[in-house]
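Protein chains: 2
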Amino acid sequence: METLTAAVLVVGNEVLSAKRADQNGPYAIRVLRERGVRLEALLTLPDRLELIAEAVARERARVDWLFTAGGVGPTHDDVTLAAVAHALGRPLVRHERLVANIRRWHARHGGEPPEAALRMADVPEGTRLAGDPGFPVMAVENVVMLPGPPEFFRLQLDAFAAELASPPFRAASLFLALGEDHFAAALDGVARAHPDVDIGSYPRFDEADHRVEVTFEAKDAARVEVALRAFVAALPEGAVVRRHGP
Amino acid sequence: METLTAAVLVVGNEVLSAKRADQNGPYAIRVLRERGVRLEALLTLPDRLELIAEAVARERARVDWLFTAGGVGPTHDDVTLAAVAHALGRPLVRHERLVANIRRWHARHGGEPPEAALRMADVPEGTRLAGDPGFPVMAVENVVMLPGPPEFFRLQLDAFAAELASPPFRAASLFLALGEDHFAAALDGVARAHPDVDIGSYPRFDEADHRVEVTFEAKDAARVEVALRAFVAALPEGAVVRRHGP
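Going down the list, the sequences are from chains H and D. Just so we're aligned: the first sequence equals residues 0 to 245 in numbering that gives the first Met the number 0. Just so we're aligned: the second sequence equals residues 0 to 245 in numbering that gives the first Met the number 0.
Read the hints as simulated data drawn from the structure, not as lab findings. This structure is a prediction, so every number in the text was calculated from the model and none was measured. Do not rely on the hints blindly, as some may be mistaken.
[Said to hold, decoys possible] Computed from the model, here is a short list of chain D residues facing chain H with C-beta under 7 Å:
#1 LEU44
#2 GLY72
#3 PRO149
Ideal placement from N, C-alpha and C gives every residue a C-beta, glycine not left out.
All chains, full assembly: derive it from the sequences and hints.
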């Protein structure tokens, strides 16, 4: 089954410098997961044009969709649109529909937009506008440029993600009474025999009723089941505390 | 003033696939900030050797210290040590002190370690062990390889970071009644005139008493003050709701 893939690039000095907790990355993880989209990378980088351009060029080549978060406002630290333009080898051009939106917004608040506000309409040539015409999502090639304020990021990601259709992930977990050391070789064998199933092993070191959760995941529930059963067959009796899903 | 820099690479299928919220990245942000270390990137990548090796090689070249989180256990999805070895062009070698630790741990729990457990002692050649001899921090060149379980990540990061001494950041904020459009040009001028001060502009769209927080930050409080005052001088009367710091 075809699986859509994505990466998310949070442009955020404020996150790296501990001024703000990142809300957009965790939100994107959840939404993309619900849409059956495999997230391949989540990067938080400073507001520096050359770093962002380099990451955009690199990451977008590996995935179906690259989402950027932040850096689309009118101030000097808003460099995402210019960085994406640079990464794609496209000029920045003033988008007339965005200009009209900005003028309308300022007119409602009783004035003309200053030049700084109009800079928000300078986007990579070929940028498409999707969703709400008054607050459109901006996309160019496979790069979707989302705003940083979390309430706006959510609105726009939700709007864009609603159009992405990828089959849901099917996942199951085994909760084990054994430490990882004691089943690592068996699990390695199962992972090699089932390369189409993502298998993860997550130990815990507290007073829970299990020592490790082993997760099995694919788009096809039957394959998950086959891999899980192969692993159970290799475990000593009593090793499985319980199972969950799919 | 010299500023130490760092990057953090979270190795985490479980984070990208929404199985676990990342606790290590946010913790590292806070600890590095408190130590005066500038965090240049926070990356979350899947448990894939070639992706991690590429990121390690790239990111460690830009910073003083690269911290990895996770992927150091005994199972098939633990590929960080091999990826770091690959990135540095070093072979994996079995470290005798780590072997002794693993043997001691298993002896306390009444047994011999299986071969899978000993794989945790296969580290990039030249790996140094720091801190608690029974649970040492592993570092090679400028790459520090930390465990993924949050309780262990914190212990080891705290131990390592205690040795990092960089002057503290000095930050101040202005809370403004104006929207960004109306001061973007003035702030751009101040940012250009004070390239040694990091200036950020963070709008909000709720019912707070201000519309934007503008932050000024450097290692030298006097420079922060000069840049902040230059900006205040360019603002219309009544624009500043209040100021905070340094």
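Enumerate the violated hints, using their earlier numbering and listing them in ascending order. 3
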